[in-house]
Amino acid sequence: MTKTEKAVKRITEMEEILDEARKRVHALEEALEGFEEYQDKIRELERYYTGKDWKSDYAMDEKGELPAGLKRGVLSEDAVYDLLEQNQELLELMKGKETAPVKVYDISQEVFGCAVYPGDPSPERIVMLSKSRGAVCNLTAIKMCAHNGTHVDAPYHFIEEGKKIDEVDLTKWVGYAYVYEHEGEITAKDARKILKAAREAEAAFGDGSAIGASRRILIKGKAVLTEEGAMVFAKAKLLLFGNESQTVGPEDAPMAVHLCMLGADMTLLEGIRLSEVPEGIYLLSAAPINLGGADGAPCRAVLISC
Numbered sequence: 001m002t003k004t005e006k007a008v009k010r011i012t013e014m015e016e017i018l019d020e021a022r023k024r025v026h027a028l029e030e031a032l033e034g035f036e037e038y039q040d041k042i043r044e045l046e047r048y049y050t051g052k053d054w055k056s057d058y059a060m061d062e063k064g065e066l067p068a069g070l071k072r073g074v075l076s077e078d079a080v081y082d083l084l085e086q087n088q089e090l091l092e093l094m095k096g097k098e099t100a101p102v103k104v105y106d107i108s109q110e111v112f113g114c115a116v117y118p119g120d121p122s123p124e125r126i127v128m129l130s131k132s133r134g135a136v137c138n139l140t141a142i143k144m145c146a147h148n149g150t151h152v153d154a155p156y157h158f159i160e161e162g163k164k165i166d167e168v169d170l171t172k173w174v175g176y177a178y179v180y181e182h183e184g185e186i187t188a189k190d191a192r193k194i195l196k197a198a199r200e201a202e203a204a205f206g207d208g209s210a211i212g213a214s215r216r217i218l219i220k221g222k223a224v225l226t227e228e229g230a231m232v233f234a235k236a237k238l239l240l241f242g243n244e245s246q247t248v249g250p251e252d253a254p255m256a257v258h259l260c261m262l263g264a265d266m267t268l269l270e271g272i273r274l275s276e277v278p279e280g281i282y283l284l285s286a287a288p289i290n291l292g293g294a295d296g297a298p299c300r301a302v303l304i305s306c
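Reminder that position 268 of the sequence shown reads as 268 in the numbering used here, one-by-one numbering, no gaps.
Possibly wrong hints are sitting among the right ones.
Across the chosen pairs, the derived CB separations fall in these ranges [to be verified]:
| hint | residue 1 | residue 2 | range |
| --- | --- | --- | --- |
| 1 | Asp166 | Glu5 | 44 to 52 Å |
| 2 | Glu110 | Phe205 | 44 to 52 Å |
| 3 | Lys222 | Val127 | 30 to 38 Å |
| 4 | Tyr117 | Asp207 | 27 to 35 Å |
| 5 | Lys189 | Glu20 | 22 to 30 Å |
| 6 | Val102 | Asp169 | 49 to 57 Å |
| 7 | Ser275 | Phe205 | 20 to 28 Å |
| 8 | Asp252 | Thr140 | 29 to 37 Å |
If you are wondering where the hints come from, they were derived from the structure by calculation, not from laboratory data. The model shown is predicted, which means the values in this text are computed figures rather than measured ones. Using N, Cα and C, we set each Cβ at its ideal position, and we do this for glycine too.
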């Protein structure tokens, strides 16, 4: 490699470092949106990280040296806090924003004590090895139905040519979701009301950060989805519909609702527990066990507060 090529390569590397620094500075600015009185400080940080004012007093400690662990062009969390120590009020605001309490709701049933749909086999725990009996370890085998407890339905559950569990896009089960409380039948009118509430809640975030919440609906309460209600949700192209019952439709006649929902390429999350979860938008994680070729699978569903 010639000197010219080496120089070009080095310049390219430096440009990449500066670009990354700018991105991180911009991310920091976005996190501090609304704190207009501190913009001069942020601009000073940007000048520092883009190399425009490398010898800025603001960037040096009392000895004229960089804060420990800080490298030019690298915006680490520790470095940011070092640089902002001169402005304790801003530092506290940043820390408060970054450490806002996040609550995780476990909305899954415990498997061996879970609800079971009439006619389905109950889960069984089989102790294969036990330390108390002199074995080298404890080892458990499990026998259960794919639709025991908290589980998901793939289209193949009711549709022969439908997608199986391992063929469904995981983003159906992971993303923002809207929790809505309802008791009794969910009619077409109710379904439209639920969708309206979900869309309004999604729009209230303003910055689009909760996009997709209105397409993953979780119903809190003893609700039964009617075929008419299912048709409204299917037309709305939901990604996922979840409920607390072991089946999404009437227990004695679930086929019509399942065919409508699954036929619209929707996935179902059944047997969740939402009694402790207030209405609103959450980040949902309900990815199923990867049971290749199966019509359904158990999952550990959780909601994370936004």
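Evaluation of the provided hints:
1. Asp166 to Glu5: 44 to 52 Å: holds, 48 Å
2. Glu110 to Phe205: 44 to 52 Å: Since the Cβ atoms of Glu110 and Phe205 sit about 33 Å apart, the hinted range of 44 to 52 Å is violated.
3. Lys222 to Val127: 30 to 38 Å: Cβ of Lys222 to Cβ of Val127: about 36 Å, so the range 30 to 38 Å holds.
4. Tyr117 to Asp207: 27 to 35 Å: Taking Cβ atoms as reference, Tyr117 and Asp207 lie about 41 Å apart, which means the hint is violated.
5. Lys189 to Glu20: 22 to 30 Å: violated, 52 Å
6. Val102 to Asp169: 49 to 57 Å: violated, 26 Å
7. Ser275 to Phe205: 20 to 28 Å: This hint holds: roughly 25 Å between Cβ atoms.
8. Asp252 to Thr140: 29 to 37 Å: With Cβ atoms ~35 Å apart, the hint holds.
Hint check: violations occur at hints 2, 4, 5 and 6; the rest are consistent with the structure.
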